[in-house]
Amino acid sequence: MTPTMNSVTVTTYRMRPPGRASPFAAGTRCGRRRSVPAMLRPAERAGNYLTGKARAPARRAAVRPRSSWSIMPAPVQVPDMNQYPLREQRKQRSREALLRSASKLFACKGFKATTLEEVAEGAGLHVQTLYRHFPNKAELAAAIDRVYFDRFRKAFQARDTDTLTFWRGWVETAARRLTRDGGAAYRRGLENFYTQPSLSGTYLKTWNQYEEILAEGLREDFGRLPPERSNLPMLVACMLWAGNRRAAFEWAQAKGKRDLAADCVAVVDTVIEAFGQYVRPGR
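According to my numbering, numbering within the sequence shown proceeds without interruption in unit steps and concludes at 485.
These are computed hints drawn from the structure, not numbers from a lab.
There may be inaccurate statements among the hints.
DSS-like, lysine-lysine: derived pairs with alpha carbons at most 25 Å apart [as the list claims (entries may be wrong)]:
id : residue 1 : residue 2
1  : 293       : 339
2  : 407       : 356
3  : 457       : 311
4  : 339       : 407
5  : 339       : 306
6  : 407       : 314
7  : 311       : 356
8  : 293       : 459
9  : 306       : 459
10 : 306       : 293
11 : 314       : 457
12 : 314       : 339
13 : 311       : 459
14 : 457       : 306
15 : 339       : 311
Ranges between beta-carbon positions, derived for each pair [what the hints assert, rightly or not]:
id : residue 1 : residue 2 : range
16 : 399       : 311       : 13 to 23 Å
17 : 422       : 448       : 21 to 31 Å
18 : 291       : 429       : 45 to 55 Å
19 : 287       : 457       : 43 to 53 Å
Here a beta-carbon is modelled for each residue, glycine too, at the ideal position from N, C-alpha and C.
Can you build the whole structure from these sequences, using the hints too?
Shown next, in the form of structure tokens:
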């Protein structure tokens with residue numbers, strides 16, 4: 203007579219991926235049935251619980267997770283770093299084209315009469331591209347002035363002489379270049395500054411940087427000064443810059459009938475005569 207054993211069955215439920223239909227009919231409580239002895243005896247879970255002999259676990263084939271509910275991370279797209287220099291080059295070319303267009307239009311039509319749409323059209327770009335570089339027309343005009351400042355700063359850092367001598371040659375060369383064709387464009391730019399209050403603040407930021415660079419060079423030229431003369435480099439720098447700006451203003455008031463280069467050089471010569479003695483020998 204074959205012995206029997208009463209076993210209690212326990213119903214367990216498996217989670218199924220979303221979107222996969224249940225293999226059981228609706229309304230039934232069916233699941234995988236497992237006997238109590240098989241659950242209580244882990245060593246014999248896969249074998250015969252009466253004989254105690256366990257079967258070797260079956261090898262399972264690798265299952266590729268479904269893409270709709272897989273927990274594996276999606277592949278990350280690594281950006282190509284070689285594309286960034288090209289992008290920056292395109293942005294720089296667009297900026298330079300906008301500055302050239304604005305400089306030409308400001309000189310021909312004036313700052314007030316020029317629209318940003320005309321500047322973008324002259325550069326062959328959309329006006330929204332212009333706004334990505336310059337938020338308003340005043341910043342665009344100030345950017346043109348900073349182009350000249352950047353040229354001055356690079357030349358000043360590469361100078362092989364003292365600050366006063368370098369500044370004398372710089373203003374003379376710049377004045378002759380700006381008035382070579384009569385100076386109409388430069389004169390219009392000066393009129394824009396004195397007639398448009400919105401430009402004054404943006405221009406002054408750049409002009410202050412001229413004074414700071416000149417003062418830094420003069421400190422190196424003058425060397426150690428007594429405490430009562432420690433502010434002399436900045437004072438001389440302000441005299442150089444303000445004298446140059448005053449000469450340009452008087453030239454514009456005279457409608458270009460004065461010699462701008464000669465007036466600018468005369469200002470520097472006056473400063474050199476008064477403060478050239480503080481320059482250390484060999485500078």
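Results for each hint:
1. Pair hint residue 293 plus residue 339 holds up; C-alpha atoms about 19 Å apart against a cutoff of 25 Å.
2. With a CA separation close to 18 Å, the supplied pair residue 407 and residue 356 stays within the 25 Å bound.
3. At most 25 Å may separate the alpha-carbon atoms for a hinted pair to count; residue 457 and residue 311 meet this at roughly 17 Å.
4. A threshold of 25 Å between alpha carbons decides the hint, and for residue 339 with residue 407 the separation of about 16 Å falls inside it, so the pair holds.
5. For the hint pairing residue 339 with residue 306, the CA-to-CA distance comes to about 14 Å; that is within 25 Å, so the pair holds.
6. Our distance criterion of 25 Å between C-alpha atoms is met by residue 407 and residue 314, whose separation comes to about 21 Å.
7. Restraint check: the Cα-Cα separation between residue 311 and residue 356 comes to about 31 Å, which exceeds 25 Å; the hinted pair is violated.
8. At most 25 Å may separate the alpha-carbon atoms for a hinted pair to count; residue 293 and residue 459 exceed this at roughly 41 Å.
9. Straight-line distance between C-alpha atoms of residue 306 and residue 459 comes to about 23 Å, which keeps the hinted pair within the 25 Å bound.
10. Simply put, residue 306 and residue 293 have alpha-carbon atoms about 20 Å apart, close enough for the 25 Å limit, and the pair holds.
11. At most 25 Å may separate the alpha-carbon atoms for a hinted pair to count; residue 314 and residue 457 meet this at roughly 20 Å.
12. Of the pairs offered as hints, the one joining residue 314 and residue 339 holds, with about 9 Å between alpha carbons and a cut-off of 25 Å not exceeded.
13. Restraint check for residue 311 and residue 459: satisfied, since their Cα atoms lie roughly 22 Å apart, inside the 25 Å limit.
14. Taking the CA atoms of residue 457 and residue 306, the gap is about 20 Å. The hint holds against a cut of 25 Å.
15. Between residue 339 and residue 311 the CA atoms are separated by roughly 14 Å; this keeps the pair inside 25 Å, and the hint holds.
16. Range check, residue 399 to residue 311: about 19 Å between beta-carbon atoms, so the 13 to 23 Å window is met.
17. With their beta carbons about 26 Å apart, residue 422 and residue 448 fall inside the hinted range of 21 to 31 Å.
18. Distance hint check for residue 291 and residue 429: the Cβ-Cβ separation is about 51 Å, which falls inside the suggested range of 45 to 55 Å.
19. A C-beta distance of roughly 47 Å is found between residue 287 and residue 457, which places it inside the suggested range of 43 to 53 Å.
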